[in-house]
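J.: Top to bottom, those sequences are chains A and B. Just so you know, we're using the numbering used here here: the first sequence kicks off at 1 and counts up by one. Just so you know, we're using the numbering used here here: the second sequence kicks off at 1 and counts up by one.
Simulated from the structure, these hints should not be mistaken for lab results. Among the hints, a few may not be true.
[Claimed, not checked] Simulated restraints, written as ranges between beta carbons of each label pair:
{"no.": "1", "chain 1": "B", "residue 1": "D278", "chain 2": "A", "residue 2": "P220", "range": "49 to 59 Å"}
{"no.": "2", "chain 1": "A", "residue 1": "L142", "chain 2": "B", "residue 2": "K364", "range": "34 to 44 Å"}
{"no.": "3", "chain 1": "A", "residue 1": "D84", "chain 2": "B", "residue 2": "A75", "range": "49 to 59 Å"}
{"no.": "4", "chain 1": "A", "residue 1": "S196", "chain 2": "B", "residue 2": "D278", "range": "49 to 59 Å"}
[Said to hold, decoys possible] The following residues of chain B were derived to be distant from chain A, with all beta-carbon distances above 12 Å:
{"no.": "5", "residue": "E148"}
{"no.": "6", "residue": "I347"}
{"no.": "7", "residue": "G374"}
{"no.": "8", "residue": "V377"}
{"no.": "9", "residue": "K380"}
{"no.": "10", "residue": "V403"}
Keep in mind that this is a model prediction, so the values were computed, not measured. All C-beta atoms, glycine included, are put in the ideal place defined by N, C-alpha and C.
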Amino acid sequence: MASKFTRSNRTGWMMAGPAAALMAIFVVLPFLFAIGLSFTNQRLISPNPTQFVGLSNYEQLLGVGVLTLAPETDTTGAVLRDADGKPSYPSVRSFTRNNDQYPQYDGMREWFSFGLGDNQVYVLGRDIVFLKALVNTVIFVLVVAPVQGGLALGLALLINQRLRGINLFRAIYFMPVVVSIVVVSLLWRFIYDGNSGLLNNLLGAISLGTIPRIDWLGNPGTALGAIIAMSVWQAVGFHMVIWLSGLQTISPTLYEAAAIEGASPWQTFRYVTWPGLRNTAVLVLIVITMQAFSLFSQIDVMTGGGPLDSTQTIVFQAVERGYGKQDISGGSTISVVLFVIVLSISLIQRWLTREKK
Amino acid sequence: MGKFTVLAGVLLGSALLSSTAMAQTELSLWYHGAGNEVEAKIIGQIVSDFNASQSDWAVKLESFPQAAYNDSVVAGALAGNLPDILDVDGPVMPNWAWSGYLQPLTIDEAKIADFLPGTKGIWDGKLYSIGLWDAAVAMVTRKSTLEELGLRTPTVDAPWTKDEFMAALDAAKASGKFEFAFDPGMAWTGEWYPYAFSPFLQSFGGDIIDRTSYTTAEGVLNGDAALEFGAWWQSLFTEGYSPLAQDPADRDSGFANGKYAFSWNGNWAALGALTAFDDAIFLPAPDFGNGPKIGAASWQFGVSAKSEHPEGASAFIAFALQDKYLTAFSDGIGLIPPTPASAAASINYKAGGPMEAFYELSAKQALLRPATPGYVVAAKVFEKALADIANGADVGETLDAAVDEIDADIEKNGNYGF
């Protein structure tokens with residue numbers, strides 16, 4: 001059964017060949033390696049032989065447990081409360097370290113906790129840093145995908161006009177994309193500087209000094225937000241261009257027809273532009289999502305995952321472990337987990353945005 | 001093709017080096033100092049002197065930027081592509097030796113008998129690397145500051161105690177003259193943290209790894225002494241003695257601009273401090289209860305395991321150990337000369353020289369970072385723990401987590417051969 005791919009298609013294969021071979025060597029092969037290595041204890045450098053360790057890397061990475069603690073009571077059984085009336089609980093460390101009665105919690109750390117009646121429920125994780133990285137990355141994607149996509153569409157609509165000098169605006173909006181992300185990150189580090197940064201000076205000038213200086217990257221509460229804002233700014237131009245190309249495929253006759261029918265600008269957008277951008281929207285959404293999941297350079301240059309793990313991300317952890325801590329198997333495991341996450345999200349997105357017949 | 005390459009190489013070599021290069025066997029040398037002109041000039045001088053001094057070997061120098069050097073060596077080793085001679089950061093050396101990148105040096109012990117202990121890279125009882133210099137850290141301040149604040153000038157024999165040190169910080173803080181009393185150098189992330197701050201922990205009585213077994217950090221990195229250290233470390237930032245988020249520019253010029261009363265800084269920054277203030281002085285580390293400690297060991301030379309000519313490589317290293325080169329490095333870039341003779345001949349470290357204090361600190365207070373292949377990972381874990389504690393993380397929990405991570409790494413590596 002000769003398929004389209006093999007039948008009288010030699011020229012096609014010869015043209016695709018070099019690129020396909022490079023992809024196979026530098027993308028597919030390393031990826032297959034990563035899957036294999038994630039089941040071993042492979043080190044970056046080590047005289048020790050590599051051993052097969054089964055799923056232990058995954059257990060170490062994803063292991064979670066739930067520990068419910070009753071408040072401490074005095075001898076009569078009454079709950080001990082502090083000055084604010086809050087009950088006090090035994091420390092989680094006394095359960096997770098050197099406690100033979102709770103071997104399942106050994107080596108775990110508190111991820112987060114919440115009150116349930118008088119009890120406190122602690123969700124423990126075996127690898128808190130990775131779990132935090134996972135949450136940070138998901139937050140990053142959830143914010144960046146709609147904001148960046150929406151802003152890019154807005155910019156594309158703005159510059160999709162016949163105005164004098166419009167190419168200048170196109171170039172300006174596109175400029176951050178062609179500058180290396182490392183350079184952009186360094187510049188934004190200065191902008192976010194806690195003492196003499198541009199942002200602080202600007203806010204101070206606008207507010208006549210009433211807004212206190214904030215160390216944007218040094219504060220766990222603002223660091224991730226600062227990186228999100230900077231990342232959106234940096235890549236928005238790229239997606240603007242994709243939207244723009246989508247806008248320009250929409251036939252002008254449709255707009256003329258809409259104008260003759262007396263459609264308002266909103267109606268034009270809603271019933272002419274947006275349906276015409278359907279395929280572009282799917283592409284932009286999937287590309288932004290995948291790019292956002294691979295957040296690394298900004299973190300590496302600007303915060304190194306700190307302060308207090310508030311900017312750890314999945315890819316940063318993969319590199320940090322695989323190369324920094326010489327633990328290739330750990331880094332590979334993270335990569336495989338990331339692959340599974342991105343693959344499932346892409347499949348869901350494709351299913352949600354499928355053409356309904 | 002092959003013949004052409006050899007021919008081209010020989011032509012190039014003879015053009016670059018000297019006419020005797022024809023008969024010499026080529027040895028490659030990797031060095032971390034690309035981008036530093038003075039350093040490149042001195043190392044280049046040693047190489048050409050060596051090549052001219054004998055007819056067996058011709059060393060060929062290849063320099064890398066320091067930030068990319070370790071990665072280059074690891075990548076080179078994975079590709080089976082290491083040079084004959086390479087330079088290695090002291091605390092990283094055991095990792096490379098254990099991984100099989102390095103072979104023991106065959107240098108006459110007598111030649112290095114009077115070298116500072118921090119310059120000798122010894123692992124598993126064997127000498128793997130030797131440094132042409134050492135580095136030391138001191139508490140940089142001004143004589144006038146001490147006088148104004150009414151503080152005793154500490155000496156190597158009678159350093160400040162913890163209470164005296166904290167009283168000094170309090171006095172500096174109360175004077176209102178400084179933005180911060182103490183600048184530990186938080187802007188210098190990376191190896192600076194374990195290099196500069198683990199001696200504080202060791203002075204409290206803790207350590208990064210238990211040096212009796214080298215197989216665990218339990219009890220030393222999370223024991224009582226370490227908890228006390230962690231609480232003290234955190235208090236530097238919560239009590240406002242030290243800047244938490246430091247601008248790299250402030251690290252470089254903050255002391256000179258009068259922002260800090262005391263700056264914990266290395267000998268490489270001493271010339272800057274002396275240029276800014278005539279009365280800059282370099283005080284020994286405070287004694288937090290277990291003796292005053294500072295870090296030791298800088299970049300050192302070793303021979304790669306794959307080298308086919310270890311005798312030539314060793315000959316080059318032995319040649320480089322001449323006092324005149326040791327002094328040249330010291331005069332050129334401010335490093336501490338490793339021998340008394342080279343120190344006496346140097347501009348900055350001779351008796352009465354402006355940085356003489358560092359030589360004594362290096363000789364008397366220096367403690368090597370744990371000599372184990374696991375140090376590379378432990379140092380990263382330690383750095384993160386200190387950053388987290390400074391940012392307000394729970395001390396006990398953070399140190400416990402650090403111990404768990406270091407122990408897990410040691411176990412994963414079959415105890416690193418211990």
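J.: Just pull the numbers of the violated hints for me, sorted ascending.
T.: 1, 2, 4, 7, 8, 9 and 10
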